[in-house]
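Enquirer: Residue numbers (the numbering used here), protein chains in the order written: chain A, 2 to 350; chain B, 294 to 719; chain C, 5 to 306; chain D, 461 to 732.
Honestly, the hints are just simulated from the structure, not real lab data. All C-beta atoms, glycine included, are put in the ideal place defined by N, C-alpha and C. Any given hint could turn out to be false.
[Said to hold, decoys possible] Straight-line alpha carbon distances no greater than 27 angstroms define the calculated BS3-like cross-link-like pairs of lysine-lysine that follow:
| no. | chain 1 | residue 1 | chain 2 | residue 2 |
| --- | --- | --- | --- | --- |
| 1 | D | Lys-691 | A | Lys-35 |
| 2 | B | Lys-303 | D | Lys-521 |
| 3 | D | Lys-592 | A | Lys-35 |
| 4 | D | Lys-691 | A | Lys-34 |
| 5 | B | Lys-638 | B | Lys-322 |
| 6 | A | Lys-178 | C | Lys-303 |
| 7 | D | Lys-579 | B | Lys-303 |
| 8 | B | Lys-303 | D | Lys-592 |
| 9 | A | Lys-64 | C | Lys-303 |
| 10 | A | Lys-208 | A | Lys-197 |
| 11 | C | Lys-246 | A | Lys-187 |
| 12 | D | Lys-580 | B | Lys-638 |
| 13 | D | Lys-544 | B | Lys-303 |
| 14 | D | Lys-695 | B | Lys-554 |
| 15 | A | Lys-238 | C | Lys-303 |
| 16 | A | Lys-187 | A | Lys-5 |
| 17 | D | Lys-695 | A | Lys-34 |
| 18 | B | Lys-694 | D | Lys-521 |
| 19 | A | Lys-113 | C | Lys-303 |
| 20 | B | Lys-489 | B | Lys-554 |
| 21 | B | Lys-303 | D | Lys-551 |
| 22 | A | Lys-221 | C | Lys-8 |
[To be verified] Non-contacting residues of chain D with respect to chain A, defined by C-beta distances greater than 12 angstroms in every case (computed):
| no. | residue |
| --- | --- |
| 23 | Glu-545 |
| 24 | Arg-591 |
| 25 | Asn-643 |
One-letter residues, chain by chain:
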Amino acid sequence: MIFKVFPAEELAALYELLAVNPIVGPVLKGRDKKDNALYDFALTSGFADLALDYGQTMHSAKKFFLPHREDLCTFTLSDHDWDKHVDYGAYQHTVLFGLHPCDINALNKLDKVLMESVYPNPFYGAKRSNMFIVGHSCSPTPSCFCRSMASDSVIRGFDLFLTRLDDSYFAEVNSAKAYHLLEKIKSYHATDRDHKLFRHAVSEKNKKITAQVDTSDLTKILDMEFHADVWQEWGDKCLSCGTCANVCPTCYCYGVEEEVDLDLRHARKEKLLYSCNLVDFAEVAGGHNFRPESHTRLKYRYYHKHRGFVEAYEESLCVGCGRCGNACLADITVPEVIASVRGGDNNGK
Amino acid sequence: MKLNCDIDIKHLTRVEGHGNIRIRIENGKVAEAQWEVVETPRFFEAMLVGKHYENAPYICGRICGICSIGHTLASIRAVENGFAITPSEQTAKLRLLLKHMETLQSHILHIYFLAAPDFLGVGSVLPLTESHPEVVQQALRLKLLANDMCDEVGGRRLHPTRTVVGGFTMLPDRYRLNQFRQRLRASLADLLASAKLFSTFDLPSFSRETEFVSLKGEGEGIYPFIGGDLVSSDGVVKAEYDYLAMTNEYMAEYSTSKLSKLSRKSMAVGALARLNNNFNELHPQAKEISEDLGLLAVNHNPYMNNVAQLVECVHVVLDSIVLIDELLSSDWQEERQPVIPQAGKGIAAVEVPRGILYHCLEFDDEGSIQRADCVIPTSQNHANIMYDIEDLARWCVAQGKNDRETELLAQMLVRAYDPCISCSVH
Amino acid sequence: MENKLEFIDLGATDQPEQARQSVHDFEYSHKAEITNVYPLTATEKLYQIQICDPDERHNFTFHPGQFVMLELPGIGEGPFSISSSPIRHGDLELCIRGVGNMTNFLNRVERGTKVGISGPFGTHFPVENMIGEDILLIAGGLGIVPLRSPILSVLENRSRYGQVDIIYGARKPSELLFGYQYEMWKQFDINLEIIVDEAEQGWQGPVGLITEILKKRIDQGRDADFRHKTSAIVCGPPIMFKFVCDQLTHANLPMEKMFVSLERRMHCGRGKCCRCNIGSTYTCLKGPVFDYWSVLNLKEAI
Amino acid sequence: MSIQGSLGTFLGVEMAKPKVGFFELSSCEGCQLQLLNNEATLLEFLSLLEVVYFREGMTEKSNDYDIAFVEGSITRDDEIERLKEIRHNAKIVVALGSCACFGGVNQLKNRFHDLEWVKKEVYGDYPISTRKAAPIADFIDIDLEIYGCPVKKEEVERIVSRLVLGKAVTHPQYPVCMECKANENICLFELGEPCLGPVTRAGCDSWCPSNRLGCWGCRGPAPAANFKQLKEIVKRYNIPVERLLDRLECFGGFQNIVTDMRGSGGKGENET
Ligand SMILES: Cc1cc2nc3c(=O)[nH]c(=O)nc-3n(C[C@H](O)[C@H](O)[C@H](O)COP(=O)(O)OP(=O)(O)OC[C@H]3O[C@@H](n4cnc5c(N)ncnc54)[C@H](O)[C@@H]3O)c2cc1C
Ligand code: SF4
Ligand code: SF4
Ligand code: SF4
């Protein structure tokens, strides 16, 4: 990796250089009742739109690579025949400016299942391949538990990663494009002093991470605790609303619907992101539901993220961004659920 | 000359709600002329009792599917008047803009879908899609514009979502507002084409002396829609809070709707009443079109209400352009002011497409509704419709009209009022 | 414009062949024509579906037990087991029960209609590994549909297998599928035993549970090498295969020699929609055919 | 009326144009208007159907229809007879809008157990007939419900085209929150406003929350609605439970839940 440094005020120039492309970044969306700022990712129209000191956005940047609704194909029908048309929905390169490590790690995890597996998903792949990612260091919030999920730092999946030092940016340069870009602004190769400052910044950041999840032997513990009563307790609270999956940067499951236009000559196959917490997630024709109770669905979500994915890819599908816990109206958070499932090992101590 | 005739129309079509027309002529004399309102009452005034004030606009909007925006705004104004809240200038302008688009939407619906088929000799707008496709397209374009703007400003074309006590939950997008400005400009061509079409219609030359009641524009060039003094063409003037003196509701056995009267045995509200009472306040271009179509104040031909609606369409489009210009010339301010409930009574008068509408709400000190009263334009028109029918029947006898002609004229007369019957029996 | 990032077209010709191919696979379906429709019972029909393009048809190969995604444009898409023999390539037979949106629409469709076929997907019954062995094929209800492909496959290579038993149970005689083929199966030296829950007029066969027939078969086969020379393929409702597999386990048949096919909701067949996951295993990739050992290790499989 | 006959074939299956009638009982007629509020696609929509009865829009009337869309609730005895007649004539009866599905706002008067008081409050001593407002399914079998106050035109189009094609008509099983999150709205609870999104059946594309108004539950309960938890949430955000009940009772879909939550003799009962 090549490390460079540039003065903080050069960031605007970097943005401007990239601004011939659409730039998506964190923006202030509004304020809650207690006047706390609320952020989300959106298309920006100027450097001033960027709110790079955001703690966490409400939603992940998912809609730019896994839209909630998307046409898998369209059909034109004639009396006896039809044609199928497929459009992956990517037409240009997009810059994602200001992603935190957790969100870049989320993309890396999605890459594994959506791009590097059998049947790679071209709808995701087309967008993902056309992304220029400028990561930005974060200031952890009380609900961030990225460190437990080994997502607090990121080593690939971006072009440029910026860490804010006092009055400059420490840049991890990870692509030729990014390297050339930095040559166009005032920047220099990082010195020992910069390395030191960087390490200091990282350790300061780590001190702010308070929430945590004990992941040791978690896959086994989840199997042992499959019938634990705590699932029922969390299930009683769950609203089966799908909010957690919607805000999650790595939830990717979906449903498909086919619709015919009013002219009966055009039709669409639409994909809509789903959530395993929704009541009919595992329901089949005729009405049989493999997970009729809300606790079985909630449990499944944890099994998929913290057990099944680990089994398949040796890492969890959760990046510890804390969004699902923040958004859940029933206050169901990953650290608490996992701690309660592990409950037994505390008793043992 | 035709001496006997018996007309009995159950559930008149192409009007909102359920009403019957009965005309019996015996030996050249009108033996019976009746406008029966048989709509089922829904008891909105009772429904509201015990509800928190924030429910009022949301529930009252459901009085009527056509003028839900008007009802919503009337309820909001009643609450705000009750709690002594004055809307900001920005809120007032946005509300008026929204109101204008409802007026446009509702008038176009009436003119084209409900009234025009009579003048073009068909039973509904459906055959016109084949015989007069350009007319239908005009209507659809205008209605679409109005509805799209209602979505943008009010959140929803029907039963708006963004309109709340204290202001708006959300403000329109400035960029789109500017685009609407352009669509409004472009829509004038369709309105002028409509005026041309109208000039070819053969409006019956029937008229009857009528007392017209409406709001009075507050100042020169202000054609009234939200709040202000109440006036009648017979010279009555009352303040908004004194609405009961204007409405004088009573019941009659042929109607589940209440009825109203003022200086005479009946009165009329609506586009024609507004225009008769505020003719000089119309936008100059609208006024010109009105004159071209032979509509000058004070006009007593009820069929002219169709023309008055068209003139108002032109007015609201032109005025909306002005409103958008004003809104876009300054930055958005805070969209919602704090609401502090207080005990008391709030009264609002708002001009909805079919005429003047009153909402009156009484609150306890927590803002819970204790009593409610809504006086609907169509209920104020019912008695006038009935006396018009009676006079029309006589006129038809005198003109030697046959049964079919009389029947059609009577139907067209009721339709001309654009009655909203379910609304009147709310 | 020099900083305009260049658009990368995944499907473009300058991409490596393999990447391009796999990208196009995802939403690709073969256009196929329904060439014949045979009503089998009140609710099931057999559809003969031929992939239109001769090359695509020839290149379409599958193994018994795999499934395809069948698409009716604008109506719906769903997974269906291939019920025909693998040697017929893209000349497929699907047996489909009308239960929901798409399957009921399919009921109204006549020959000549064009549909979309993608696949084949999933794991299969490893009949190639059973050569030289006795085979027990046990089906309950609609479970005979995925079993028909291994049956046909075994028939075509009849001499390479030992004793072949088909035990088939249905609720009523009128619900039995593929009746017209039983004689043919028997001619190939197959022991076919059929049992129903409930007799109807004209029924002369046994009435009762499938496990009773299985018991007889096990008892007669209770020789030392039953466990060494038998494989079982079991297909039917979960409750049925659980009983059957338990019974076989008691008879000392190793779990890894029993194969079942599981059914789950599916929207893609490609390991992407997650709807078919059991615990956290994709039924469409790791299944639908599992050996019984794997099934027992899947949380919430039965 | 309208262009008669066949719609051609779809995947080789012959499609006939259904004859339809639109009917209204006690309602604001807004749901019917919503159909006309569909300017961009209105003509295409109408070309799928043969409208034979639509009092609000046309003079011609016929009792020969396949599908009857019934708007409004039952609030007077004579409406029951009309409704039964419609059922008798139609092959498919569709309850259009929340008034028909749940009683709609009309059932707010049912809160007062004494209907005499209700009548008196509005009409004084003048005699007037009414009955407790009820959904149409209380009197006839219905085949399909289209929820919403008002109905969402896109949804009506989707359902009608499905009916024409003979596809299954299904409703989302998830609550409004799902759509609200997909639309990336700020949760109303964060703004201190109550919202019924967590318990209300989706399908409106989170119409109200997307306009920063909490959901009022016009589409009735979602299949797995967790009311116990909703009550906890409302309390945690310092919103009086009474305001939650106020909303839940608005459109009639949550009638039983409100009764349960209020318990007997709870606040807000307006017995007079
Ligand atoms: C591996 C496999 C093989 C199958 N083989 C056959 C077969 O040979 N014959 C047969 O009649 N049926 C088979 N099924 C079941 C068949 O897929 C469903 O009955 C069918 O998808 C229902 O679709 P529908 O549109 O009629 O029902 P709807 O209830 O309207 O289904 C909507 C969507 O839900 C999904 N879905 C619903 N039920 C099922 C289900 N049981 N399994 C998977 N997805 C479902 C589908 O994606 C479907 O498009 C099989 C299922 C699986 C998983
Ligand atoms: S865990 Fe929370 S956010 Fe997720 S479905 Fe349950 S209630 Fe909704
Ligand atoms: S605003 Fe309402 S619908 Fe949206 S997430 Fe919050 S509770 Fe759910
Ligand atoms: S958000 Fe709620 S109240 Fe609003 S339309 Fe949807 S279901 Fe109805």
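Enquirer: All hints are to be evaluated individually against the structure, with a verdict given for each.
Expert: We went through each hint and held it up to the structure:
no.: 1; hint: D:Lys-691 <-> A:Lys-35; in the structure: holds (21 angstroms)
no.: 2; hint: B:Lys-303 <-> D:Lys-521; in the structure: holds (12 angstroms)
no.: 3; hint: D:Lys-592 <-> A:Lys-35; in the structure: violated (44 angstroms)
no.: 4; hint: D:Lys-691 <-> A:Lys-34; in the structure: holds (20 angstroms)
no.: 5; hint: B:Lys-638 <-> B:Lys-322; in the structure: violated (49 angstroms)
no.: 6; hint: A:Lys-178 <-> C:Lys-303; in the structure: violated (47 angstroms)
no.: 7; hint: D:Lys-579 <-> B:Lys-303; in the structure: holds (26 angstroms)
no.: 8; hint: B:Lys-303 <-> D:Lys-592; in the structure: holds (25 angstroms)
no.: 9; hint: A:Lys-64 <-> C:Lys-303; in the structure: violated (32 angstroms)
no.: 10; hint: A:Lys-208 <-> A:Lys-197; in the structure: holds (17 angstroms)
no.: 11; hint: C:Lys-246 <-> A:Lys-187; in the structure: violated (70 angstroms)
no.: 12; hint: D:Lys-580 <-> B:Lys-638; in the structure: holds (21 angstroms)
no.: 13; hint: D:Lys-544 <-> B:Lys-303; in the structure: holds (19 angstroms)
no.: 14; hint: D:Lys-695 <-> B:Lys-554; in the structure: violated (50 angstroms)
no.: 15; hint: A:Lys-238 <-> C:Lys-303; in the structure: holds (23 angstroms)
no.: 16; hint: A:Lys-187 <-> A:Lys-5; in the structure: holds (10 angstroms)
no.: 17; hint: D:Lys-695 <-> A:Lys-34; in the structure: holds (15 angstroms)
no.: 18; hint: B:Lys-694 <-> D:Lys-521; in the structure: holds (26 angstroms)
no.: 19; hint: A:Lys-113 <-> C:Lys-303; in the structure: holds (24 angstroms)
no.: 20; hint: B:Lys-489 <-> B:Lys-554; in the structure: violated (36 angstroms)
no.: 21; hint: B:Lys-303 <-> D:Lys-551; in the structure: holds (26 angstroms)
no.: 22; hint: A:Lys-221 <-> C:Lys-8; in the structure: violated (49 angstroms)
no.: 23; hint: Glu-545; in the structure: holds (30 angstroms)
no.: 24; hint: Arg-591; in the structure: holds (35 angstroms)
no.: 25; hint: Asn-643; in the structure: violated (8 angstroms)
The earlier numbered hints that this structure contradicts are 3, 5, 6, 9, 11, 14, 20, 22 and 25.
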